[in-house]
Amino acid sequence: MTSETYDTDPRPSRMSNRFRALWTQENVITIIVSAIVAIAVVLPLITLVVSSFLVLDDLGFSTEWSFGNYVTIVTDPIIPKAFLNTLIICSGCTVLATFLGVSLAWTNARTNCPGRTWLEPFNLIPFFLSPFIGAIAWHNMGEPKTGLLNNFFRDIFGIEGHVINIDNIWGVIWVTGIFFAPLVYLFVVGSLRRMDPSLEDSARTTGAGLFRTTMTVTLPLVMPGILSGAIIVFVTSAGEFGVPFKLSAPYGWETLTTQIFTKAVGDDANHYLGATMAMALGAITVFLIWIQRRYIAPRSFETVTGKGFRPNVLDLGSWKWVAFGYNILFILVAVILPIISLLIVSLHPVWQGTIMLDKITGINYVKTLFFWREESIDAATNGIFNSLFLAFVGASISMVLALVVSYMIHRTKGFGSWLLDFLCVVPIGFPGIVLAMGVLVTYIQTPIYATLWILLLGYITRFFPYGQRNIASILLSISEELDQSSRMAGATWVTTMRRITIPLLKPGIFAGWILLFVIFVRELSISIMLYTDGTETLAVGVYYLTNYENEPLTAALSLAQTLLCLICMIAFRRLAGKEALSA
Amino acid sequence: MTSEDISSKYLQVRNLVKYFGDDKAVDNISFGIDEGAFLTLLGPSGCGKTTTLMSIAGLHTINSGAIEVGGLTYTEPSSSIFLPPEKRDIGMVFQSYAIWPHMTVTQNVAYPLEIRKLNKSEIDDRVAETLSLVDLTDMAEKNATQLSGGQQQRASLARAIVSNPRLLLFDEPLSNLDLKLREAMRVELKRIQNEVGITSIYVTHDQSEALVMSDEIIVMSKGNIEQSGEPVEIYSKPNNKYVSNFIGVANLLDAKVEKVTEDGSGEVTVQYGEMTARLPCRIGRGVHQGDEATLSVRPENVHVSRDKTSDSSIEGKVENVIFLGNHVDCRVNWGEYEWKVIAHPRDRLKEGEKIYLRFDSDHTLAVQQ
Ligand SMILES: Nc1ncnc2c1ncn2[C@@H]1O[C@H](COP(=O)(O)OP(=O)(O)OP(=O)(O)O)[C@@H](O)[C@H]1O
Ligand SMILES: [Mg+2]
Numbered sequence: 005m006t007s008e009t010y011d012t013d014p015r016p017s018r019m020s021n022r023f024r025a026l027w028t029q030e031n032v033i034t035i036i037v038s039a040i041v042a043i044a045v046v047l048p049l050i051t052l053v054v055s056s057f058l059v060l061d062d063l064g065f066s067t068e069w070s071f072g073n074y075v076t077i078v079t080d081p082i083i084p085k086a087f088l089n090t091l092i093i094c095s096g097c098t099v100l101a102t103f104l105g106v107s108l109a110w111t112n113a114r115t116n117c118p119g120r121t122w123l124e125p126f127n128l129i130p131f132f133l134s135p136f137i138g139a140i141a142w143h144n145m146g147e148p149k150t151g152l153l154n155n156f157f158r159d160i161f162g163i164e165g166h167v168i169n170i171d172n173i174w175g176v177i178w179v180t181g182i183f184f185a186p187l188v189y190l191f192v193v194g195s196l197r198r199m200d201p202s203l204e205d206s207a208r209t210t211g212a213g214l215f216r217t218t219m220t221v222t223l224p225l226v227m228p229g230i231l232s233g234a235i236i237v238f239v240t241s242a243g244e245f246g247v248p249f250k251l252s253a254p255y256g257w258e259t260l261t262t263q264i265f266t267k268a269v270g271d272d273a274n275h276y277l278g279a280t281m282a283m284a285l286g287a288i289t290v291f292l293i294w295i296q297r298r299y300i301a302p303r304s305f306e307t308v309t310g311k312g313f314r315p316n317v318l319d320l321g322s323w324k325w326v327a328f329g330y331n332i333l334f335i336l337v338a339v340i341l342p343i344i345s346l347l348i349v350s351l352h353p354v355w356q357g358t359i360m361l362d363k364i365t366g367i368n369y370v371k372t373l374f375f376w377r378e379e380s381i382d383a384a385t386n387g388i389f390n391s392l393f394l395a396f397v398g399a400s401i402s403m404v405l406a407l408v409v410s411y412m413i414h415r416t417k418g419f420g421s422w423l424l425d426f427l428c429v430v431p432i433g434f435p436g437i438v439l440a441m442g443v444l445v446t447y448i449q450t451p452i453y454a455t456l457w458i459l460l461l462g463y464i465t466r467f468f469p470y471g472q473r474n475i476a477s478i479l480l481s482i483s484e485e486l487d488q489s490s491r492m493a494g495a496t497w498v499t500t501m502r503r504i505t506i507p508l509l510k511p512g513i514f515a516g517w518i519l520l521f522v523i524f525v526r527e528l529s530i531s532i533m534l535y536t537d538g539t540e541t542l543a544v545g546v547y548y549l550t551n552y553e554n555e556p557l558t559a560a561l562s563l564a565q566t567l568l569c570l571i572c573m574i575a576f577r578r579l580a581g582k583e584a585l586s587a
Numbered sequence: 011m012t013s014e015d016i017s018s019k020y021l022q023v024r025n026l027v028k029y030f031g032d033d034k035a036v037d038n039i040s041f042g043i044d045e046g047a048f049l050t051l052l053g054p055s056g057c058g059k060t061t062t063l064m065s066i067a068g069l070h071t072i073n074s075g076a077i078e079v080g081g082l083t084y085t086e087p088s089s090s091i092f093l094p095p096e097k098r099d100i101g102m103v104f105q106s107y108a109i110w111p112h113m114t115v116t117q118n119v120a121y122p123l124e125i126r127k128l129n130k131s132e133i134d135d136r137v138a139e140t141l142s143l144v145d146l147t148d149m150a151e152k153n154a155t156q157l158s159g160g161q162q163q164r165a166s167l168a169r170a171i172v173s174n175p176r177l178l179l180f181d182e183p184l185s186n187l188d189l190k191l192r193e194a195m196r197v198e199l200k201r202i203q204n205e206v207g208i209t210s211i212y213v214t215h216d217q218s219e220a221l222v223m224s225d226e227i228i229v230m231s232k233g234n235i236e237q238s239g240e241p242v243e244i245y246s247k248p249n250n251k252y253v254s255n256f257i258g259v260a261n262l263l264d265a266k267v268e269k270v271t272e273d274g275s276g277e278v279t280v281q282y283g284e285m286t287a288r289l290p291c292r293i294g295r296g297v298h299q300g301d302e303a304t305l306s307v308r309p310e311n312v313h314v315s316r317d318k319t320s321d322s323s324i325e326g327k328v329e330n331v332i333f334l335g336n337h338v339d340c341r342v343n344w345g346e347y348e349w350k351v352i353a354h355p356r357d358r359l360k361e362g363e364k365i366y367l368r369f370d371s372d373h374t375l376a377v378q379q
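Heads up: the protein sequence lines correspond to chains A and B, in order.
Residues in the first sequence are numbered consecutively from 5, following the working numbering.
Residues in the second sequence are numbered consecutively from 11, following the working numbering.
The reader is advised that the hints may include incorrect statements.
As the list claims (entries may be wrong) - Capping the alpha-carbon separation at 30 Å, the derived lysine-lysine pairs in BS3-like fashion look like this:
1) B/Lys318 to B/Lys364
2) B/Lys360 to B/Lys350
3) B/Lys34 to B/Lys247
4) B/Lys97 to A/Lys417
5) A/Lys417 to B/Lys327
6) B/Lys360 to B/Lys327
7) B/Lys247 to B/Lys152
8) B/Lys247 to B/Lys350
9) A/Lys149 to A/Lys85
10) A/Lys510 to B/Lys152
11) B/Lys350 to B/Lys269
12) B/Lys232 to B/Lys350
13) B/Lys97 to A/Lys510
14) B/Lys97 to B/Lys127
15) A/Lys510 to B/Lys130
16) A/Lys510 to B/Lys127
17) B/Lys200 to B/Lys190
18) B/Lys232 to A/Lys417
19) B/Lys266 to B/Lys232
20) A/Lys85 to A/Lys363
21) B/Lys247 to B/Lys232
By construction, these hints were calculated from the structure, which means they are not laboratory data.
No experiment lies behind these values; they were computed from the predicted model shown.
Kindly produce the complete structure, drawing on both the sequences and the hints.
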């Protein structure tokens, strides 16, 4: 461009033009929604950062600015150990879940393991259930004295003492490992299925054996998927509260999450120290998620083409029954045994480690579910109502936000859409308990504190990105021209949304809604930070029962929650189809 | 086209400029068309055709200039006018057809009328009438996903014309169809446009489509207009090398203009390797004596003979002969230049044979490079 034409460059007038054009229906709505999202996400995180530099004095009344909290988390007698325990748990859980997830995905996608089509939904069940409930169930099975499995082994083999002890840091690794295996499974199975078979065939024709081919071609191709899955598992287990709370904290193995919890509630509460620990945890998880999104996720698109290939299926010979047995074993320890043990325990008035058929009773269900009965326990029955309310309203609001935000990011592509895109990733990087700490310190002095609304706010802020991703993936797959032709036909933006865009997105909206509903029904780590008397949720009810009542009552409510999640899972699969969850 | 020419037109695009970030997609273009006419924007991929169309539709905001249709200003940033797309009363046919898959054909076509709040019986009448116009009456209750590509195309057209809009826009509507169907649809589309008489702008990169359908063609390159005019004019009198290369097939030779006479004819010399020739020709717009220019000769205007029939005949060697039934496509080597020539099968040209080429000076044009 010569300097002469530059003088007549029309761009200076662009701003005023833009500004006028800004006041359209669609821009007003998207600006409002974006502002809400920005405030909801950014405010708690800023407050968290600010609070972490406020140090509470010994009397607990006034604060001053300093790095004192950061010094404390290093010098405190418990916190550094909790930090170390968290690292051990995350590492162990990641190794176990990755091994399970990859091996199960491979047998399912690439071998002739019998029954692999009907095994898949079972492999995914733990994804929809609560690891906290899993910990409770495994506690019932693996507690040294009263554990069902230990009793079983004592009776059958006449062993003294116990065979397994789940109540320690290894137990936490075990339970989180089997519950997070489906995450890795989902990240890997899609690329295994869609892999171009000629990639492997060409390796075989060069003379590489099957083992060589798997190791040098197949595995490297799915490596980005495996790494992504492993990082997500690491981050999720770092933020996991329920399992260590049930299995290791009472026995002397504190983790960062259990420590943050004790700083948020109870006599020892020190929100500022809690915020500092949350910052430390959040810094780690955000860093890992950033690595995953920046370096690992983009690579998975280069290696695996998305065409509808029929992948090579490996004939395992008689080993296929070993693969089958392995898969069944996984389903047994991850799904069937926990549910059976909950059922057994829940039918006893008190649990002493042995099944007593003559004592079987339904009283625990009456006490936890029949809210109209005198003897019902408020914390449990409140939890049911509150959770259903939160899940219903929360999922609905989240999906509306998700819809508008996705539209803004992928269609309007205007002003600030990259910022929105970023804001939708941020909450995924923060464990629920960290975000809840931020929400707590932000809103503690406002009227919404100690109401259900603060829980709702926490839920939506943390989890609406999942709904957003669900909608965005469908939005990207339908042509923009479908919306545009409605505008050209004379319809306004709102009418176009109502009559064209939303009907086309309906399956995705429903699927996302159900997914969020499940997540909210079983949500623990945000709820536990933000609830008070009367605003207990289902998971908090379970927490209350396991802490202050007995195991059979806990088991009864746990089973009710599990059942609800299973129903949602079936609905989800119906609506969203098989591959909906795959990365 | 000068600005006075445009100001009397039905549709006026004046000094349109559109940036994407810092890239200029459309660089200050102006054009206009009469009511009821069929205008084609023609150019290679990325030249800004879609951007121009989207600017008229209101699906893009423009940076400067003005767009006006039938006295109504659609957009003019300098006076902060921007009419949203739904207020522009335009029918548009998209490349992907954009038939809504969750509705039947009838529902698709009725949509623009429902938006305009017509009453039920009127909608039914208009939809039936339009469907019969595009020959889709049998498909009325089918779901959009059950239609073939060509049928979706017709449904899309029906939806665009049903409300009798001020303007019809087409963005490469035929490019997803196979060749046979595409040729049939060209004629069909033109017939329907004639019948409804709605002013139309059609975007394509297919020059034969443009030649067949248009009342007027605008050839674009890199965000600029290279030439505009009637198809015959564009084909026979290209303004420059770019246009003559893009429209049809042409022999394009570097030439030096030796002589220009009053009546628009003249002489040029061309030199390729050892060979030189001085040829009489017509002189295109903006070409002056002494200029380096491009000589454009359509293959069908090259005459072959075994004898030297004129002073300006040149001698070449037949390289390549492809028999295509009613004509013969052949290449003739002349120095370092390879002529594209269309000969008659009767001529029985053989590869390696010496041959004379003669040019009709009326159909030999020197244009700007
Ligand atoms: N939304 C956009 N954002 C950024 N650049 C764009 C956008 N749309 C078009 N461009 C750029 O503007 C230029 C003109 O694009 P346009 O779509 O108008 O081309 P076209 O002539 O329609 O080409 P095609 O025949 O391939 O459809 C191209 O260089 C393109 O890269
Ligand atoms: Mg285009």
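Evaluated hints:
no. : hint                 : verdict
1   : B/Lys318 to B/Lys364 : holds, 11 Å
2   : B/Lys360 to B/Lys350 : holds, 15 Å
3   : B/Lys34 to B/Lys247  : holds, 29 Å
4   : B/Lys97 to A/Lys417  : holds, 22 Å
5   : A/Lys417 to B/Lys327 : violated, 59 Å
6   : B/Lys360 to B/Lys327 : holds, 10 Å
7   : B/Lys247 to B/Lys152 : violated, 48 Å
8   : B/Lys247 to B/Lys350 : holds, 19 Å
9   : A/Lys149 to A/Lys85  : holds, 28 Å
10  : A/Lys510 to B/Lys152 : holds, 21 Å
11  : B/Lys350 to B/Lys269 : holds, 26 Å
12  : B/Lys232 to B/Lys350 : holds, 28 Å
13  : B/Lys97 to A/Lys510  : holds, 28 Å
14  : B/Lys97 to B/Lys127  : holds, 14 Å
15  : A/Lys510 to B/Lys130 : holds, 27 Å
16  : A/Lys510 to B/Lys127 : holds, 26 Å
17  : B/Lys200 to B/Lys190 : holds, 16 Å
18  : B/Lys232 to A/Lys417 : holds, 24 Å
19  : B/Lys266 to B/Lys232 : holds, 27 Å
20  : A/Lys85 to A/Lys363  : violated, 43 Å
21  : B/Lys247 to B/Lys232 : holds, 21 Å
Checked against the numbered hints listed earlier, the structure breaks hints 5, 7 and 20; every other hint is satisfied.
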